[in-house]
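Relying on the hints, combine the two individually framed chains into one complex.
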Amino acid sequence: MNKNLLKIYETDASQLKGKALDVVIPKTILEVRNIVAKSRRIVPRGGGTGLAGGCVPQNGVDLVLDLSKLDIIGSYDKERRTIEVGAGVILDELQAYLMLYRLEFPVKPASHAIATIGGMIATDAVGSRAVKYGKTSNWVKWVEIVDGYGNLHRKGVTELSDYSGMEGITGVIVKACLKLAPIRKRSASLVKVENFDEVVAIVHKLKRDSSVSMVELLGKQVSEMLGLFEPDESGEVKSAYHLIIEYEDDSGMLNGKEYAELFEMRDKIGPMLSGGGYSRLEDPKILLDKSDKLVSWFEEHGIPFFGHIGVGIFHPRFDHDQEKYIPEMIKLVKKLNGQISGEHGIGILKRKFVEINDQKILRNVKKRTDPENKFNVGKVI
Amino acid sequence: MILLNVLRVIMVKNKITEAGRPADSRQVAGAKIEADNLMEEASEVFDSCIKCGMCKSLCPVFKVLKEEQVSPRGKAIILSDKIMDKILFECTFCKGCERNCPLDIKICDGVKKAREAMVLRGKGLKSNEEMMENIRKYGTPFGKGDKKDLEKLYCC
Ligand SMILES: Cc1cc2nc3c(=O)[nH]c(=O)nc-3n(C[C@H](O)[C@H](O)[C@H](O)COP(=O)(O)OP(=O)(O)OC[C@H]3O[C@@H](n4cnc5c(N)ncnc54)[C@H](O)[C@@H]3O)c2cc1C
Ligand code: SF4
Ligand code: SF4
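As given, the protein sequences belong to chains E and R, one line each in that order. If you read the first sequence in this note's numbering, its first letter stands for residue 286, the second for the next number, and so on. If you read the second sequence in this note's numbering, its first letter stands for residue 25, the second for the next number, and so on.
Any given hint could be a false lead.
What the hints assert, rightly or not - Once the Cα atoms are required to be at most 25 Å apart in a straight line, the calculated DSS-like pairs of lysine-lysine come out as:
#1 E:K304 <-> E:K635
#2 E:K304 <-> R:K90
#3 R:K90 <-> R:K130
#4 R:K90 <-> E:K354
#5 R:K110 <-> E:K312
#6 R:K136 <-> R:K87
#7 R:K110 <-> E:K304
#8 R:K56 <-> R:K90
#9 R:K168 <-> E:K292
#10 R:K106 <-> R:K56
#11 R:K106 <-> E:K304
I should point out that these hints are in silico values taken from the structure, not numbers from a laboratory.
Same shape as in the complex, but just chain R (with noise of 0.2 Å):
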C-alpha cells in the first residue's frame, strides 16, 4: 500500500495520468515544455565535464557491460547536446561515478532529470510503465503470478 502511494505521488508529480501518458492537448504541451526545461537542467550538470572518464572508473553499469555508452561519461557526452536515450536508464543512481569525478559533478542528478524528461514525453521504458501498470492492478511489480508466489514477497 506504501508502495502504490509513492508510486501515485511519483506519477502525478510528474503530470501523467493512469496510463503513463499525458492526457489531453494542453497536458501534452505542458508536459512538453516541462521536459524541455529538464533536459535543459539536465545539459547544465554537465557544462563543465571535461570528458577525463575517471567516473567510469566505479561505475558498477560500465564495469559489467564494458561499453562507453552505458559509462557516465558516455551519459555526460549525450546529456551535454541534451539528447534522450534509453541507455540514461541503465543507471543504478549508486553515485560510484560522483565519487571519482574530479570535479564534483552531480552526474546522478543529470540522468536522473533527463528520466523524468523522457516519461514526461512518453520515451520512458516500456517496462518500467508495465511495472506501474503491474502494481497498480495486482499490487506487484510481477503482474498476475501465482497467489504462493505473493505471499514470498516482503516490503522493506
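Looking at chain E on its own, in the form it has when it is part of the complex (with noise of 0.2 Å):
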C-alpha cells in the first residue's frame, strides 16, 4: 500500500501512532493462511475501534492484517438457534440480516455500528447488555482460528478461552458460529438519583429483576454536560446521578423513537468526552458494594465517567493534566480487589499494569499457541 495511506493503519480509537510494514486485507480464509505463513509479525484488525492500541503496528515491522472484507454471513441453522459469519462482519450488519428470524446477538457494545465480530471476541467485548447477556465469549460456539504456521483450527468452547479476549496475541479469528437470541419489545427510562448509595441500592434492585437488560451509569459531570440538569420546583438545580435502564418488556417510559433517541445520546458519550478534551479512557471493573469508593476518587479529581454499572464497569475519562492519576487510580483498584481492564483489553496502553502473575499466565498461553512468536508482539504482555 502506497506510504501515504498506510497511515491510516497506524492508528485505532484509542489515538496511539505507530509504524506499520505494510497493510494487506485478505478476501479469503485461504489468503489469510498464505499471508500469515509467509509473514513475520502480524497485526490482526478488525473495525480498529479498540480503545487500547490492540491493533496499532509497531517500529515498522508489523504487517497489518485487516480482516474487514472476511464479511460473509453464513449458515442459519435454525434447529440450534446459530450462525456462522466471518470475522470481518460488522455486527450491526449481523443485526440486520437477523431482523429477518427475529433474532440478534444480545452482545451490544457502544461501537456496534462499526466493530467487528472477530474484533469483539478477540477483545471478548462486553458493551450494556451485560447485566443480561454477558460478554461476547458466552455466545461463541466455535471459532476458526489460523495459527502461526498458516493452519486452520476449529476451537470449540472448551478452547475457546485461548482466542477471546486475548486481543489477537494468540493467532487470527477467520470465523465463528454465534449463538443468538430472539429479539425482545424493549423500553428504558432515564431515572435521576441524587446520592451514590441510592444508586447502589437500585442497582442491587434491577439485578434481581429479570425483565432488565441494560443498567448503565452516568456520573454527575457527565450528566451536566449532556444537559440532563433541570430546576425542581423550588427553581433550584441540584446535581444527580442519572441511570438508564433498559427493560425487556413495556415497564420503561420511553418507546419507539424516544428510547431510540436515548440510546443514539447513550452511544456518543465516550466520543462526545473525548472531543472535549477527556482523550484518555480507562475501563475498571470493581464489585458494585466496593463501587463507591472509586466514585468518589473521581469526584475529588474531577473526573467525568459513566459505565455500565450492571456489571461493575466504570469509564472514567482524564483530559491530559489529569492522566498523571491513573497509576494512583490502578493502584485503588487493585486494592478494592478490581480488575484494571473490564472490556476494552490490555493493548498497549495497559501493558505496564497487569500484574507478575497474570503476565505468567498470559504468557504460558502465548508460548502454547504461537511458539513463533507472530501475533500483536508488544501487546497485553
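Structure (C-alpha cells):
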C-alpha cells in the first residue's frame, strides 16, 4: 500500500500512533493462511475501534492484516439457533440480517455500528446489556483460527479462552459460530438519583429483576454535560447521577423514537467526552458494594465518568492534565480487588499495569498457541 | 447549455484554463498558494477528530469496499496530515458520515476543499478532466457517442 495511506492503518480509536510494514486486506480464509505463513509479524485488525491500541502496528515491522473483507454471513441453523459468520462482519450488519428471523446477537458494545465480530471475540467485548447477556464469549459456539504456520483450526468452547479476550496475540480469528437470542420488545427509563448510596441500592434491586437488560450509570459531571439537570419545583438545580435502565417489556417510560434517541445519546457519550478534551478512557471493573470508594475518588479529582454499572464496569475519562492520576486509580482498583480492564483490553496502553502472576499465565498461553511469536508482539504482555 | 455554463463558472473559480491546468508560471504559483491554503483549511476541519470511527457506519463507499482508506475516518486521517490522495475522490458527498459523527465534524467540507486543492495542483482525476473535455466538445460527459444515444440524454 502507498505510504500515505499506510498512516490510516497505523492508528485506531485509542489514537495511539505506530508504524506499519504494510497492510493486506485478504478476501478469503485461504489468503489469510498464505499471508500468515509467509509473514514474520502480524497485527490482526477488525474495525479499528479498540481503545487500548491493540491493532496499532509497532516499529515498522508489523504487517497489518485487516480482516474487514471476511464479511460473509453464512448459514443459519434454525434448530440450534446459531449462525456462522466471517470475522470481518460488522455487528450491526449481522443484526440487520438477523431481523429476518426475529433474532439478534445480544451483546451490544456502544461501537455496535462499526466493530467486527472478530474484534469483539478477540477483546471479549462486553457492552451495555452485560447485566443480562454477559460477554461476547458467552455467545460463541466455536471459532476458526489461523495459527502462526498458516494452519486452520476449529476451537470449541473448551479452548475458546485461548482466543477470546486474548486481543489477537494467539492467532487470527477468521470465522465464528454464534449463538443467537430472540429479539425482545424493549423500553427504557432515564432515572435521576441524587446520592450514590441510593444508586447502589437501586442497581442491586434491578439486578434481581429478570426483565432488566441494561443498567447504565452517568456520573454527575457527564449528566451535566448532557444537559440533564433541570431545576426542581423551587427552581434550584441540583446535581445528580442518572441511570439508564432498559427493560425487556413495557415497564420503561420511553418507547419507539424516544427510546432510540436515548440510546443514540448513550452511544455518543464516550466520543463526546473525548472531543471535549477527556481523551483518555479507562475501564476498571469493581464489585458494586466497593464502587462508592472509586466514585468518590473520581469526583475528588474532577474526573467525569459513566459506565455499565450493572456489571461494575466504570468508564472514567481523563484530560491531559489528569492522566498523571491513572497509576493512582489503578492502585486503588487493585486494592479494592477490582480488575484494571473490564472490557477494552490491555493492548499497549495498560501493559505495564498487568500483575506478574497474570503475565505468567498469559505468557504460557502465548507460548503454547504462538510459538513463532508472530501475533501482536508487544501487546498485552 | 446550463450544465456547460455551470462548469465554466466552476473552472473560472478554480482558475483552471480550458485544458484543465493552470496556464502561466504566475498562475501556477498562485494556484499553489491557493491549494496550500485550501489544504490547511481542510486539515483544520479535522482538528477535533478523535478517530472513533463512528462515521464509517453510514458510509456507502466503505460499506461496499470494506477498506478503511476509503472510509471517512481514513480521509480524516490523511487530511489531518494534509496529504493529497486520489481516495479523496471516492466519496459521494452523501453526508452519511456527518450524521453519525458525535463531534459534528463537517467531513464533506474538508474533503471538498482538498479536492479543489488537488485540481488546482493538477492532481485531479484524469477521468474528470476527460469528462469536462467531452462536455465542452460534444455536450455530453460520454464523448462523441452515437447520435441516437445523445437523444436519450435528459438534463435535470
Ligand atoms: C465509540 C466506542 C464505543 C465503544 N464501546 C464499547 C463497549 O461498550 N464495550 C466494549 O467492550 N468495547 C467498546 N469499545 C471498544 C471496541 O469497540 C471493542 O473492543 C470492539 O470489540 C473492537 O472491535 P474491532 O473490530 O474494532 O477490533 P479492533 O479494534 O480492530 O481490534 C481490537 C483487538 O482485537 C484484535 N483483533 C481484531 N480482529 C481480530 C481477529 N479477527 N482475530 C484476532 N484478533 C483480532 C486486534 O489485534 C486488537 O488487539 C468501544 C469503542 C468505541 C470507539
Ligand atoms: S466520527 Fe467524527 S470524530 Fe469520529 S472518526 Fe469520524 S470524523 Fe472523527
Ligand atoms: S459523504 Fe463521502 S465519506 Fe461521508 S458517508 Fe458519504 S460517501 Fe462516505
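Against the structure, the hints:
Between K304 (chain E) and K635 (chain E) the alpha-carbon distance is near 19 Å, which keeps this suggested pair within the 25 Å criterion. Between the alpha carbons of K304 (chain E) and K90 (chain R) the distance comes to roughly 22 Å, so the proposed pair stays at or under 25 Å and holds. The straight-line distance between the Cα atoms of K90 (chain R) and K130 (chain R) is roughly 22 Å, inside the 25 Å bound, and the hint therefore holds. A distance of roughly 6 Å separates the Cα atoms of K90 (chain R) and K354 (chain E); the hinted pair therefore holds under the 25 Å criterion.
Distance restraint check for K110 (chain R) and K312 (chain E): the Cα-Cα separation of roughly 23 Å lies within the 25 Å cut-off, and the hinted pair is therefore satisfied. About 21 Å separates the Cα atoms of K136 (chain R) and K87 (chain R), which keeps this hinted pair within 25 Å; it holds. Only pairs whose Cα atoms come within 25 Å are accepted, and K110 (chain R) paired with K304 (chain E) is accepted, the gap being roughly 22 Å. Of the supplied pair hints, the one linking K56 (chain R) and K90 (chain R) is violated, its CA atoms being roughly 34 Å apart against a limit of 25 Å.
Among the hinted pairs, K168 (chain R) with K292 (chain E) is inconsistent with the structure: their alpha-carbon atoms are about 42 Å apart, more than 25 Å. Distance hint between K106 (chain R) and K56 (chain R) is fulfilled; the C-alpha atoms sit about 14 Å from each other, no more than 25 Å. At roughly 18 Å between alpha-carbon atoms, K106 (chain R) and K304 (chain E) fall within 25 Å of each other, so this suggested pair holds.
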